[in-house]
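The lines below spell out each chain.
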Amino acid sequence: MNQKCPECYAELEIPDDVISGEIVSCPDCGMDYEVRMKEGEEIELIPAEIEGEDWGE
Amino acid sequence: MKEIGILYDRIRWEEKAIIRASKKLSLAPKLVDSKEIYIDTLESIEKLKRRFGQLVIQRCVSYFRGLHATAVLENAGLPVINSFNVSLICGNKLFTTLALTKAGVPVPKTFLAFTEEGTLRGLEKLGYPAVMKPVVGSWGRLVALVKDKDSAQALVESRKEMRNALLQIYYLQEYVERPPRDIRVMVIGDEVVAASYRYSPEDEWRTNVARGGLSKPCPVTSELEEIAMKAAHAVGGGVLAVDCMESPDKILVHEVNGTVEFRGLSSTSRINIAEKIVEYAVEVARG
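As they're listed, the protein sequences go chains H and C.
Each residue of the first sequence is one higher than the one before, starting from 705 at the first, in the working numbering.
Each residue of the second sequence is one higher than the one before, starting from 0 at the first, in the working numbering.
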């Protein structure tokens, strides 16, 4: 189930076993998106958060 | 079926492994995105259990988000892995060093300073090269090998420009002569589960897997087991990664991580770490 990159409209591959919260990257423009599963099979792509200073282990 | 909460903000390889492990152990994983929640600080434990599961594995990539969510959930009586105190200590390098020192775990010589003047004096005392780290932060971010006074001054100046209160706390450490690797020991409860060497990539002194560090199997010697166990207990115990360095005369612990990324370690071990984590969480929740 592929989607169009909201930024550059390139083809964005979404894995079949995708989980809400997973990050997908656009192969063309490099933008990172967080996948949100909506009702049914619908998928929403939200720009992923930028790495924070407190991120990590 | 028992519901096990997984509080996250990003689904990484580790979270997927924990979800799989929960299902395998006949638990129902309840995924809660911390970016979407709000919690009433007076919420009853029954209501919280319906939203978060009967126990919660806290897996936020943002330290402060995970810590604050843990505070509220734990305060209401919900078991959270790791606990608030453990997360608080492990998320701050200085607090970790102090807890380790108190328990008699060998650590590198460490100084604390707040200003350029204090930092330069501290580094002079430690001797160059030395290591400068922020107290909060991961993946080797802003961790610097300071070779001389000039570079120390430049580093302090750039950190001052960052206008972040936490970055005005200078955690200074002796540079330990070691092979180009460190050792990550995974401790879950009272068990040392696995260990791996983490080799620094070419042209890099830091060994963080996030910086391209490479994991290789490492035998768990009795010395390593004893130090890792002692370090884990020193910070309060739980699901922890104890990072050690091989100094010429002994093993030193430089960090204990509380929201462990175990993908690298898993590639070197046959043990299913995610399953061990879930089993441990269930055991803790049972009391």
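For the record, the hints were derived by calculation from the structure and aren't laboratory data.
Among the hints, erroneous ones may be present.
Capping the alpha-carbon separation at 30 Å, the derived lysine-lysine pairs in DSSO-like fashion look like this [unchecked claim]:
hint, chain 1, residue 1, chain 2, residue 2
1, C, K34, C, K146
2, H, K742, C, K15
3, C, K34, H, K742
4, C, K34, C, K275
5, C, K1, H, K742
6, C, K15, C, K146
7, C, K15, C, K48
8, C, K229, C, K215
9, C, K22, C, K1
10, C, K48, C, K29
11, H, K742, C, K23
12, C, K1, C, K15
13, C, K22, C, K249
14, C, K22, H, K742
15, C, K275, C, K46
16, C, K46, H, K742
17, C, K29, C, K275
18, C, K46, C, K23
19, C, K275, C, K229
20, C, K148, C, K108
21, C, K22, C, K148
22, C, K29, H, K742
23, C, K275, C, K23
24, C, K1, C, K46
25, C, K34, C, K46
26, C, K29, C, K249
27, C, K15, H, K708
28, C, K48, H, K742
29, H, K708, C, K34
30, C, K229, C, K249
Evaluation of the provided hints:
Among the hinted pairs, K34(C) with K146(C) is inconsistent with the structure: their alpha-carbon atoms are about 40 Å apart, more than 30 Å. The hinted pair formed by K742(H) and K15(C) meets the criterion: a straight-line CA distance of about 19 Å does not exceed 30 Å. Pair hint K34(C) plus K742(H) holds up; C-alpha atoms about 16 Å apart against a cutoff of 30 Å. Distance restraint check for K34(C) and K275(C): the Cα-Cα separation of roughly 27 Å lies within the 30 Å cut-off, and the hinted pair is therefore satisfied.
Taking the CA atoms of K1(C) and K742(H), the gap is near 25 Å; set against the 30 Å cutoff, the hint holds. Of the supplied pair hints, the one linking K15(C) and K146(C) is violated, its CA atoms being roughly 41 Å apart against a limit of 30 Å. Between K15(C) and K48(C), the direct Cα distance comes to roughly 22 Å. Compliance with the 30 Å bound is thereby established for this hinted pair. Distance restraint check for K229(C) and K215(C): the Cα-Cα separation of roughly 23 Å lies within the 30 Å cut-off, and the hinted pair is therefore satisfied.
Restraint check: the Cα-Cα separation between K22(C) and K1(C) comes to about 10 Å, which is no more than 30 Å; the hinted pair holds. For the suggested pair K48(C) and K29(C), the alpha carbons sit about 10 Å apart, so the restraint of at most 30 Å is met. Restraint check for K742(H) and K23(C): satisfied, since their Cα atoms lie roughly 26 Å apart, inside the 30 Å limit. Simply put, K1(C) and K15(C) have alpha-carbon atoms about 18 Å apart, close enough for the 30 Å limit, and the pair holds.
Our distance criterion of 30 Å between C-alpha atoms is broken by K22(C) and K249(C), whose separation comes to about 42 Å. Between K22(C) and K742(H) the CA atoms are separated by roughly 22 Å; this keeps the pair inside 30 Å, and the hint holds. At most 30 Å may separate the alpha-carbon atoms for a hinted pair to count; K275(C) and K46(C) meet this at roughly 28 Å. The straight-line distance between the Cα atoms of K46(C) and K742(H) is roughly 24 Å, inside the 30 Å bound, and the hint therefore holds.
At roughly 18 Å between alpha-carbon atoms, K29(C) and K275(C) fall within 30 Å of each other, so this suggested pair holds. A distance of roughly 26 Å separates the Cα atoms of K46(C) and K23(C); the hinted pair therefore holds under the 30 Å criterion. Proposed proximity of K275(C) and K229(C) is supported: the alpha carbons are some 20 Å apart, at most 30 Å. Between K148(C) and K108(C) the alpha-carbon distance is near 19 Å, which keeps this suggested pair within the 30 Å criterion.
Of the pairs offered as hints, the one joining K22(C) and K148(C) is violated, with about 55 Å between alpha carbons and a cut-off of 30 Å exceeded. Between the alpha carbons of K29(C) and K742(H) the distance comes to roughly 16 Å, so the proposed pair stays at or under 30 Å and holds. The straight-line distance between the Cα atoms of K275(C) and K23(C) is roughly 12 Å, inside the 30 Å bound, and the hint therefore holds. A C-alpha spacing of about 15 Å is found between K1(C) and K46(C), which places the hinted pair at or below 30 Å, so the restraint holds.
Taking the CA atoms of K34(C) and K46(C), the gap is about 19 Å. The hint holds against a cut of 30 Å. Pair hint K29(C) plus K249(C) does not hold up; C-alpha atoms about 43 Å apart against a cutoff of 30 Å. A threshold of 30 Å between alpha carbons decides the hint, and for K15(C) with K708(H) the separation of about 25 Å falls inside it, so the pair holds. For the given pair, K48(C) sits about 23 Å from K742(H) by alpha-carbon distance, which is consistent with the 30 Å threshold.
Between the alpha carbons of K708(H) and K34(C) the distance comes to roughly 24 Å, so the proposed pair stays at or under 30 Å and holds. Note on K229(C) and K249(C): the hinted pairing holds, with a Cα-Cα distance of about 15 Å set against a maximum of 30 Å.
In terms of the numbered hints stated before, the structure departs from hints 1, 6, 13, 21 and 26, listed from lowest to highest.
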